[in-house]
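Peer 1: With the hints as your guide, set chain C onto chain L.
So the chains spell out like this:
There are 2 protein chains.
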Amino acid sequence: MSQSMLLLSSSRVGDTPYLSHALPMLEKLVKPGSRWLFIPYAGVSISYDDYQQRVAEALGSLGCQVCSAHECPDPVAALDEVDGIMVGGGNTFHLLHELYRHNLIDAIRDKVKNGMPYVGWSAGSNVAGKSIRTTNDMPIIEPPSFDALALVPFQINPHYSDYQAPGHNGETRAQRLQEFTCVDPLSPVVGICEGSAIFRQGDALVLKGDKSGYLFEGTTQKEEIQPGSDISFLL
Amino acid sequence: MSQSMLLLSSSRVGDTPYLSHALPMLEKLVKPGSRWLFIPYAGVSISYDDYQQRVAEALGSLGCQVCSAHECPDPVAALDEVDGIMVGGGNTFHLLHELYRHNLIDAIRDKVKNGMPYVGWSAGSNVAGKSIRTTNDMPIIEPPSFDALALVPFQINPHYSDYQAPGHNGETRAQRLQEFTCVDPLSPVVGICEGSAIFRQGDALVLKGDKSGYLFEGTTQKEEIQPGSDISFLL
Numbered sequence: 001m002s003q004s005m006l007l008l009s010s011s012r013v014g015d016t017p018y019l020s021h022a023l024p025m026l027e028k029l030v031k032p033g034s035r036w037l038f039i040p041y042a043g044v045s046i047s048y049d050d051y052q053q054r055v056a057e058a059l060g061s062l063g064c065q066v067c068s069a070h071e072c073p074d075p076v077a078a079l080d081e082v083d084g085i086m087v088g089g090g091n092t093f094h095l096l097h098e099l100y101r102h103n104l105i106d107a108i109r110d111k112v113k114n115g116m117p118y119v120g121w122s123a124g125s126n127v128a129g130k131s132i133r134t135t136n137d138m139p140i141i142e143p144p145s146f147d148a149l150a151l152v153p154f155q156i157n158p159h160y161s162d163y164q165a166p167g168h169n170g171e172t173r174a175q176r177l178q179e180f181t182c183v184d185p186l187s188p189v190v191g192i193c194e195g196s197a198i199f200r201q202g203d204a205l206v207l208k209g210d211k212s213g214y215l216f217e218g219t220t221q222k223e224e225i226q227p228g229s230d231i232s233f234l235l
Numbered sequence: 001m002s003q004s005m006l007l008l009s010s011s012r013v014g015d016t017p018y019l020s021h022a023l024p025m026l027e028k029l030v031k032p033g034s035r036w037l038f039i040p041y042a043g044v045s046i047s048y049d050d051y052q053q054r055v056a057e058a059l060g061s062l063g064c065q066v067c068s069a070h071e072c073p074d075p076v077a078a079l080d081e082v083d084g085i086m087v088g089g090g091n092t093f094h095l096l097h098e099l100y101r102h103n104l105i106d107a108i109r110d111k112v113k114n115g116m117p118y119v120g121w122s123a124g125s126n127v128a129g130k131s132i133r134t135t136n137d138m139p140i141i142e143p144p145s146f147d148a149l150a151l152v153p154f155q156i157n158p159h160y161s162d163y164q165a166p167g168h169n170g171e172t173r174a175q176r177l178q179e180f181t182c183v184d185p186l187s188p189v190v191g192i193c194e195g196s197a198i199f200r201q202g203d204a205l206v207l208k209g210d211k212s213g214y215l216f217e218g219t220t221q222k223e224e225i226q227p228g229s230d231i232s233f234l235l
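Chains L and C, in that order, are what the protein sequence lines are.
Under the UniProt record's numbering, the very last position in the first sequence is 235; numbers go up by exactly one each time.
Under the UniProt record's numbering, the very last position in the second sequence is 235; numbers go up by exactly one each time.
Hint data in this document are derived by calculation from the structure and do not stem from the laboratory.
A few of these clues could be false.
Sample of chain L residues with no beta-carbon within 10 angstroms of chain C, all distances over it, derived [said to hold, decoys possible]:
no., residue
1, Gln3
2, Gly14
3, Lys31
4, Asp49
5, Ala58
6, Pro73
7, Ala77
8, Lys113
9, Pro153
10, Gly170
11, Phe199
12, Ile225
13, Leu234
Only some residues are given here: those of chain C computed to face chain L with a beta carbon under 8 angstroms [said to hold, decoys possible]:
no., residue
14, Phe154
15, Gln178
16, Phe180
17, Cys182
Example chain C residues on the side facing chain L (calculated, C-beta under 7 angstroms, incomplete) [as the list claims (entries may be wrong)]:
no., residue
18, Leu26
19, Lys28
20, Lys31
21, Val44
22, Ser45
23, Asp49
24, Arg133
25, Pro139
26, Ile140
27, Phe146
28, His159
29, Tyr163
30, Asn169
31, Ala174
32, Val183
33, Glu194
We put the beta carbon where it would ideally sit given N, CA and C, even for glycine.
One chain only, chain L, in its complex shape (with noise of 0.2 angstroms):
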């Protein structure tokens, strides 16, 4: 079956309204009266309640049905009653952790792997990847392993950016993304800047948004990906 996912970068670009910036890109895959399970684990802070609500209410226009894994006894078994798998942003270690925790890794693996469409934003687009070692959260909780979905064979940086705070000794995201490819050469990442996504049909894998990606991976580092670039190398 052909896989079709959409890997956004964030829930919202600048001050836009919640995940409006994304709408364009959402229609492609969420159809009127399409039914979507929405992951809300990434969610700390913020119930589980208040995330559905505000998730459905941003996705209106679309005329979809956003039922929340939270309110469904068995989440694994509520996959088979819908079209679509939604997961929201968040923290990632938590998302990762709640993932494992209701055996739903395998469980979406294969969803998507037969054809289910799957719409990730930030943490939920982080999951996504080969593993979470690319995340830019922080690990407030121990997940079973840094593993996750591996539903494209790369890994994924999302809200890329190369800012740094004037004045403050850190790391900038590139030199963070470098240090993972001194650790793990063999693994491409795709850094993705707020606005952006990368959209998966099949076998092509497109750059979405007006906003350059970046490859890094053994000794490429910080490579640009034009805007509206196909990708589908890297799957």
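Peer 2: Chain C alone, transformed into the frame defined by chain L:
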């Protein structure tokens, strides 16, 4: 035995030379002629040889000897030959991964509990806490556990800052630490700004430097700790 340790937020403050701001604080623990085992494992994109040389040069005026764990056939045995332990900054996950790999967790903890002085900065301060769950670093490699040396019974957040890059949609540091207190309300976190340090002598704990620190614990959020405060209540 009375425990002594200096946990520095960072290796530099602003654009001052490497470790130079720390020399007046280090003088309290690092005596002329004393021998120190340096742990370079947080270094990823710098060679351990270069890292050792950088530290030895920075500490030249103290008149101490610095040998590095990467030059020792048996780093655990090397602990018996030195007067103190010095753990440098870099990537916290890589540091903890290597501390486990070289069986140094229990070995260092035992030495420090029996009076051997410990100096850490950045990642080296992070691992002195209960766990690395409040590090700012990217999880580029998966350690066997997030549990760290637990030389103090709380969490440390080095490089504390609430600066937010303009136009960027990510959490502030205070928001990240607040999320930590949501998943673990019983573990206090002390955020220390660049230039500051936590200094322990036996049962006395003091915040050194001229910047405030911040305490997060349960519903306590970003409670200011004045420079020079006695924070022994955290022990």
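Peer 1: For each hint, tell me whether it holds in the structure or not.
Peer 2: Do the hints match the structure? See the list:
1. Gln3: The claim stands: Gln3/L keeps its Cβ more than 10 angstroms from every Cβ of chain C (closest is about 26 angstroms).
2. Gly14: 6 angstroms, violated
3. Lys31: For Lys31/L, whose nearest Cβ neighbour in chain C is about 28 angstroms away, the distance exceeds 10 angstroms, so it holds.
4. Asp49: 16 angstroms, holds
5. Ala58: Ala58/L clear of chain C: closest Cβ-Cβ about 14 angstroms, beyond 10 angstroms.
6. Pro73: 23 angstroms, holds
7. Ala77: Correct as stated: the minimum Cβ-Cβ distance to chain C is 27 angstroms, above 10 angstroms.
8. Lys113: 24 angstroms, holds
9. Pro153: Pro153/L clear of chain C: closest Cβ-Cβ about 18 angstroms, beyond 10 angstroms.
10. Gly170: About 6 angstroms separates Gly170/L from the closest Cβ of chain C, which leaves it inside 10 angstroms; violated.
11. Phe199: Phe199/L is indeed farther than 10 angstroms from all Cβ atoms of chain C, at 20 angstroms.
12. Ile225: The claim holds: Ile225/L sits with its nearest Cβ about 20 angstroms from chain C, beyond 10 angstroms.
13. Leu234: Fine: 20 angstroms to the nearest Cβ keeps Leu234/L off the interface.
14. Phe154: 15 angstroms, violated
15. Gln178: Holds. Min distance 6 angstroms.
16. Phe180: Holds. Min distance 4 angstroms.
17. Cys182: 5 angstroms, holds
18. Leu26: 18 angstroms, violated
19. Lys28: Since the shortest Cβ distance to chain L is 23 angstroms, the answer is violated.
20. Lys31: 28 angstroms, violated
21. Val44: 4 angstroms, holds
22. Ser45: 5 angstroms, holds
23. Asp49: Asp49/C check fails; min Cβ-Cβ to chain L is 16 angstroms, beyond 7 angstroms.
24. Arg133: 5 angstroms, holds
25. Pro139: Cβ of Pro139/C sits 5 angstroms from chain L, so the hint holds.
26. Ile140: At 4 angstroms from the nearest chain L Cβ, Ile140/C passes the 7 angstroms test, so the hint holds.
27. Phe146: Because about 4 angstroms separates Phe146/C from the closest Cβ in chain L, which is inside the 7 angstroms limit, the hint holds.
28. His159: 6 angstroms, holds
29. Tyr163: 5 angstroms, holds
30. Asn169: 5 angstroms, holds
31. Ala174: 11 angstroms, violated
32. Val183: This interface hint holds because 5 angstroms falls under the 7 angstroms limit.
33. Glu194: 6 angstroms, holds
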